[in-house]
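Trainee: Listed here are the chains, written in short residue letters.
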Amino acid sequence: METRLRLLFLACASVALGGCASLHWPWHHKAPPQPAAGTSTTEQTADATPPTVIEPEVERRQVKVPAIKAHNLELGAYYGEISIEDFGTSRLLGYRADYHVTEDIFFEGTYGQAKGGETSYELLNGNVQLLTEAERRFTYYDLSLGYNFLPGEVFIGKNLAMTSALYMIGGIGAVKFAGDQDFSVDFGAGYRVLPTDWLAIHLDMKDLVFRTNIFGVNQLKNNLQGFIGATVFF
Amino acid sequence: MRRSLTSAVLAFAIWLAWFAPTPGLAAAEHLQLFVTAPYLELHTGPGRGYPVRWVVGRGEAFDVLMRRTDWYKVRTERGEEGWAAGRDMALTRLADGSPFIANMGNRAGFTSHNWEAGVLAGSFGGASLITLNGAGSLTDNLKVELTLGQYLGNVSNGYIATLGLSHIIWPGWRLSPFLSMGTGINVIEPKVSLVQPVNRRDQLGYVGAGLRFYLTRRFFLRAEYRDNVVFTKSDFNEVDQEWKLGCAFFF
Numbered sequence: 001m002e003t004r005l006r007l008l009f010l011a012c013a014s015v016a017l018g019g020c021a022s023l024h025w026p027w028h029h030k031a032p033p034q035p036a037a038g039t040s041t042t043e044q045t046a047d048a049t050p051p052t053v054i055e056p057e058v059e060r061r062q063v064k065v066p067a068i069k070a071h072n073l074e075l076g077a078y079y080g081e082i083s084i085e086d087f088g089t090s091r092l093l094g095y096r097a098d099y100h101v102t103e104d105i106f107f108e109g110t111y112g113q114a115k116g117g118e119t120s121y122e123l124l125n126g127n128v129q130l131l132t133e134a135e136r137r138f139t140y141y142d143l144s145l146g147y148n149f150l151p152g153e154v155f156i157g158k159n160l161a162m163t164s165a166l167y168m169i170g171g172i173g174a175v176k177f178a179g180d181q182d183f184s185v186d187f188g189a190g191y192r193v194l195p196t197d198w199l200a201i202h203l204d205m206k207d208l209v210f211r212t213n214i215f216g217v218n219q220l221k222n223n224l225q226g227f228i229g230a231t232v233f234f
Numbered sequence: 235m236r237r238s239l240t241s242a243v244l245a246f247a248i249w250l251a252w253f254a255p256t257p258g259l260a261a262a263e264h265l266q267l268f269v270t271a272p273y274l275e276l277h278t279g280p281g282r283g284y285p286v287r288w289v290v291g292r293g294e295a296f297d298v299l300m301r302r303t304d305w306y307k308v309r310t311e312r313g314e315e316g317w318a319a320g321r322d323m324a325l326t327r328l329a330d331g332s333p334f335i336a337n338m339g340n341r342a343g344f345t346s347h348n349w350e351a352g353v354l355a356g357s358f359g360g361a362s363l364i365t366l367n368g369a370g371s372l373t374d375n376l377k378v379e380l381t382l383g384q385y386l387g388n389v390s391n392g393y394i395a396t397l398g399l400s401h402i403i404w405p406g407w408r409l410s411p412f413l414s415m416g417t418g419i420n421v422i423e424p425k426v427s428l429v430q431p432v433n434r435r436d437q438l439g440y441v442g443a444g445l446r447f448y449l450t451r452r453f454f455l456r457a458e459y460r461d462n463v464v465f466t467k468s469d470f471n472e473v474d475q476e477w478k479l480g481c482a483f484f485f
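Protein sequence lines correspond, in order, to chains A and B. Each residue of the first sequence is one higher than the last, beginning at 1 in our numbering. Each residue of the second sequence is one higher than the last, beginning at 235 in our numbering.
A couple of the hints might just be wrong.
Stated by the list, open to error - Below are the DSS-like pairs computed for lysine-lysine, each with C-alpha atoms no more than 27 Å apart in a straight line:
hint: 1; chain 1: B; residue 1: K425; chain 2: A; residue 2: K176
hint: 2; chain 1: A; residue 1: K115; chain 2: A; residue 2: K64
hint: 3; chain 1: A; residue 1: K115; chain 2: A; residue 2: K69
hint: 4; chain 1: A; residue 1: K115; chain 2: A; residue 2: K221
hint: 5; chain 1: A; residue 1: K115; chain 2: B; residue 2: K467
hint: 6; chain 1: B; residue 1: K467; chain 2: B; residue 2: K425
hint: 7; chain 1: A; residue 1: K221; chain 2: B; residue 2: K425
Hints are computed from structural coordinates only; laboratory data are not their basis.
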């Protein structure tokens, strides 16, 4: 009986002591001691096997990004009529180049040629010729700035829609006529329709103004012109 | 006139047939992009006024067919075609995940660009002047500039062509001053009523100063004054003052 009690007492004591040994309070937690620099780290790395670095065997593919073509340049020709003041109305042939900078604004360069007719004085006086054939050649160039102020669409039937724009244009240039070349100003409006993305049809009305002294008096001459043309976008 | 018209029409027809772009025939490789914004609007034309016809959803791919000014013509996987604005294209990505950069022209572009061109009008020695100028950038500050011009006066007409350097002192400023110098050729065509009967071609040198003012997108205004010394064959050189004002764009 005494032996049994002793055994029971010893068992309880050992269980209680074991529980105390495993009991930890938060303030008993301490950071593990840091190894001194240059001592234990060196030892660890010396002991550990070096890590294996896997070298990629696949070469990086060079992706070629396709370029986006910009079609801002418009080149073409036009044909129409020009009223050369005092010299009647003549057929007009010209060439144009437009560069679209933004959706609203474009630069334009034009070169036009026509032939001046006879003045009323020449018509009434029979053989009187004020200008030679070469002097009647009327050529001009303009450098202008255009503004697409009414962009829109044209609908033909129910399946065909074409983009269009009504634009205002004005600029400066020079007119060669009657053996002289003078500074000129041009202004007007035009209508552009694009049946496809690369083709445009133009209809323009412009006034070409220059000051000249063909008849011995310095006068401002207005030369109205109307023409139709086609251009291709590049 | 009739002959010139016929030849012009023929030349235009040949040129059209030879050079005109043929989108159908060109089995071109197009740039593929992916939409990262909730949607991408496709307009019927290259402008903000044209209505939206199609929409490409987030994550969907599309091909870029061409560009006109700041608008891009695109084709969706369903075959729908339309025009997307450059500012919206900035919210798309390439197949490798990198963002698509749409160069739309801005203040940074005004400071740093490769080329510029413009049209200016003014006066050259009292005659009306029209000039076309183009410049290539060596650095943001330094540009090589080519100018072609014609002046039209009461006494004489003429042409000038110059090549020179422009130094933009503070290229980052919106109103930016510059200095210029160079050389060129001056061809004078005296008018018939004057004594001098023949055309004259002389070399000239110039120094100048001017201002550039950034307007918007790719546009800027440009004003310049030049002092031209024309090296004539007579005992005295001519000095012609030139000033001009105009608009230009960079690209």
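Trainee: Does each hint fit the structure? Answer for all of them.
Mentor: For each hint, the structure was consulted:
1. B/K425 - A/K176: With a Cα-Cα distance of about 13 Å, the restraint between B/K425 and A/K176 holds, given a limit of 27 Å.
2. A/K115 - A/K64: violated (55 Å)
3. A/K115 - A/K69: violated (40 Å)
4. A/K115 - A/K221: holds (16 Å)
5. A/K115 - B/K467: violated (38 Å)
6. B/K467 - B/K425: holds (20 Å)
7. A/K221 - B/K425: holds (20 Å)
Hint compliance for this structure: hints 2, 3, 5 are broken, all remaining hints hold.
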